[in-house]
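Engineer: Using the sequences and the hints, build the whole thing.
Line by line, the protein sequences give chains A and B. Going by numbering that gives the first Met the number 0, the first sequence wraps up at 356, each residue one higher than the last. Going by numbering that gives the first Met the number 0, the second sequence wraps up at 368, each residue one higher than the last.
No lab work stands behind these hints: they were computed from the structure. These numbers were taken from a predicted model, which means no experiment stands behind them. Certain hints may be false.
[As the list claims (entries may be wrong)] Pairwise CB distance ranges (calculated):
{"no.": "1", "chain 1": "A", "residue 1": "V183", "chain 2": "B", "residue 2": "F102", "range": "51 to 59 Å"}
{"no.": "2", "chain 1": "A", "residue 1": "V203", "chain 2": "B", "residue 2": "G238", "range": "39 to 47 Å"}
{"no.": "3", "chain 1": "A", "residue 1": "M32", "chain 2": "B", "residue 2": "N126", "range": "31 to 39 Å"}
[To be verified] From the derived model, a few chain B residues whose C-beta atoms are all more than 10 Å from chain A:
{"no.": "4", "residue": "L3"}
{"no.": "5", "residue": "R7"}
{"no.": "6", "residue": "D289"}
We put the beta carbon where it would ideally sit given N, CA and C, even for glycine.
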Amino acid sequence: MANKLNLENWVCPLPLKNYPTVVMGHGSGGKMMNDLIQHLFLPAYNNKSLNQMGDSAVLNLSGLGEGAGRLAFSTDSFVVSPLFFPGGNIRELAVHGTVNDLAMVGAKPLFLSVGYILEEGLPMETLGKITESLANACELAGVQMVTGDTKVVHKGQGDGIYINTSGIGLIPGNIDIGPTLAKVGDAVIVNGTMGDHGMAVLSVREGFEFESVIESDTAALNGLVDTILEVTKDVHCLRDATRGGMVAALNEIANSSNIGIEFDEDLVPVNPAVHSACEFLGLDPFYVANEGKMIVIVPEEQAGSVIEVMRQHPLGKNAVQIGRIVEDHPKMVLAKTGIGGMRIVDWPTGELLPRIC
Amino acid sequence: MKYLDEYRDKEKTELLIEQIEKKVTRPWSLMEICGGQTHSIMKSGLDQLLPPEINLIHGPGCPVCVTPLELIDKAISLASMPEIIFCSYGDMLRVPGSVGNLFSVRAAGGDVRIIYSPLDALRIAKNNPEKEVIFFGIGFETTAPANAMAVFQAKTQGVENFSILVSHVTVPPAIRAILESPEVNVDGFLAAGHVCAVMGYWEYEPIAKKYQTPIVVTGFEPVDLARGILNCIQLLEEGKIGVENAYPRYVQQQGNLEAQKLIKSVFEICDRKWRGIGNIPMSGYRLNEDYEKFDAERKFSGIQEIQTNESSVCISGEILQGIKKPDECSEFGSRCTPEFPIGATMVSDEGACAAYFRYGRMKLSRTNF
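Structural biologist: See below:
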């Protein structure tokens with residue numbers, strides 16, 4: 000990237016340095032807003048489509064993706080507080096969330112848009128840092144930020160910064176992945192430990208002083224999906240296990256595909272620090288959010304080779320089959336418990352509520 | 000995780016279940032007192048592994064469930080006041096009052112905060128001297144020491160803008176009430192291990208003797224529960240009466256004397272209404288004279304008289320006393336679910352209805368992986 004900002008010693012380029020914080024004028028559509036775009040956003044996201052500065056980005060799709068016949072389109076909004084947490088921050092989430100949504104239908108993510116809603120008074124330095132690492136996250140995920148929008152709201156009407164990203168990607172012609180396509184007998188695979196992101200955010204938000212720092216798993220999964228698709232095109236479902244955790248993702252698949260899912264709770268990887276924190280707070284890690292974890296559903300006979308290739312990828316080192324799709328109890332997810340019983344693993348109800356005792 | 004995994008161990012559980020199977024010769028009904036135990040039994044599927052002779056009855060030990068509707072309504076009206084920061088344990092927020100719950104207060108602009116320790120509420124009070132901070136002090140003897148400590152510290156440090164809305168209940172009077180109810184048929188009790196860690200189990204010895212019913216102090220993990228059940232079945236089969244401690248790694252006969260001292264210095268015993276059950280004499284704590292200015296009910300006396308409307312179809316009272324099981328309710332799983340609970344036993348994870356709904360609302364089929 001040209002004109003790369005220096006994150007460590009970020010100094011607002013002229014004339015932004017006259018404004019150490021965001022003010023209403025930065026969303027006014029006038030000179031100040033133009034300054035913000037010219038001096039902050041364009042250098043950070045620098046690409047041909049964006050630099051044309053049209054009201055819409057004009058995208059050239061020719062030559063992108065073999066036999067691509069279908070477009071995938073997704074959007075995601077990010078209102079996380081705090082903005083910075085161990086292992087990540089809102090800007091990475093903003094890229095990863097949308098990139099992952101595209102990857103979960105087998106699309107190659109290509110272009111993103113970003114919409115900022117800034118609260119008056121947000122330090123310009125914070126906006127600079129956020130923008131820069133949004134740009135870095137784009138580069139790492141191999142996508143371009145091609146269009147955007149900025150609004151400023153009065154002090155007290157926002158929480159520092161809200162970010163929305165939308166993205167489009169192309170689905171190769173021979174790929175058919177979707178939540179309705181799980182089949183009886185399929186293997187249910189996860190790519191790693193569950194609950195890391197939610198507990199990382201909670202640990203800073205609530206000011207817990209855990210002995211070991213829990214880091215968010217925020218990551219773009221499109222690379223891992225690519226490696227799976229290199230082994231087999233016969234992937235039935237992919238689902239990123241974000242809010243509601245693994246359990247929400249499994250229940251969504253069970254419902255959409257009208258099948259049952261059974262898994263063995265002892266096989267699900269959980270980071271020991273996350274396990275301890277969850278026990279301490281009365282939470283279940285299977286219900287806690289992730290930002291770099293997914294459920295992979297493939298025919299049983301493909302499971303071995305898929306897991307093998309996943310384990311060679313940095314985001315799939317702990318990949319493991321946790322269960323399978325069954326004919327019984329359609330639309331329900333059941334777990335084999337540690338002592339050999341069975342239990343329903345139901346949808347999360349709403350907010351995760353720590354238990355009293 | 001150390002101190003946990005070994006008590007969730009499959010082989011140890013199976014060994015204890017084998018011993019229970021060998022020992023049991025006839026049907027027995029055991030009541031686990033605590034909702035945390037009910038939750039653990041349902042979550043681990045322990046109930047499916049026990050011999051059919053053993054009928055587990057779920058007791059009243061869910062503080063969220065038994066907090067009376069009047070008090071929830073008081074909490075809701077207090078939390079709605081603009082000058083108040085209302086602090087609560089998380090699972091109280093979803094408990095339905097006559098109209099709405101604490102979540103709906105928060106959505107309407109009330110300052111309702113989930114905290115993990117009452118001392119956090121005290122800290123919030125110190126940081127917000129212009130506001131009144133109220134902590135919803137509910138629970139059994141387990142939460143009483145921490146709640147007492149918050150009030151004790153508030154007094155010592157002169158924090159005037161802090162008070163607690165108290166709804167403490169105690170276990171022994173509830174056991175007595177259950178044993179005196181003609182409808183309830185309990186052969187033995189699994190007492191709540193964490194309550195006994197605070198209070199000891201000397202209080203239970205006269206109860207076991209008077210009602211000729213064994214009581215076994217029991218923990219919360221599958222191995223602990225299986226051990227408690229085995230001890231209780233042994234006592235019953237051998238015709239012995241008494242109190243046994245199957246949770247010795249945490250519980251001593253005299254309990255935690257420091258904690259008891261603190262409770263005594265801050266609280267006094269009072270009659271308490273239990274949601275779904277009714278008034279149980281001498282079954283609760285309230286702040287004593289020395290601490291009455293920290294009592295939210297006295298401090299905000301305008302909210303004393305609130306007319307409440309309890310659902311007429313909910314059978315949570317019978318469930319809390321072990322007279323009925325959740326799936327015997329006509330509304331269970333249809334009109335009453337964790338998303339839209341009609342009664343309190345469906346709200347908290349520790350409520351028997353919620354535990355049934357979450358983990359066992361259908362006949363489970365087995366598949367070997």
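Engineer: Which of the numbered hints are not met once you compare them with the structure shown?
Structural biologist: 1, 2, 4, 5
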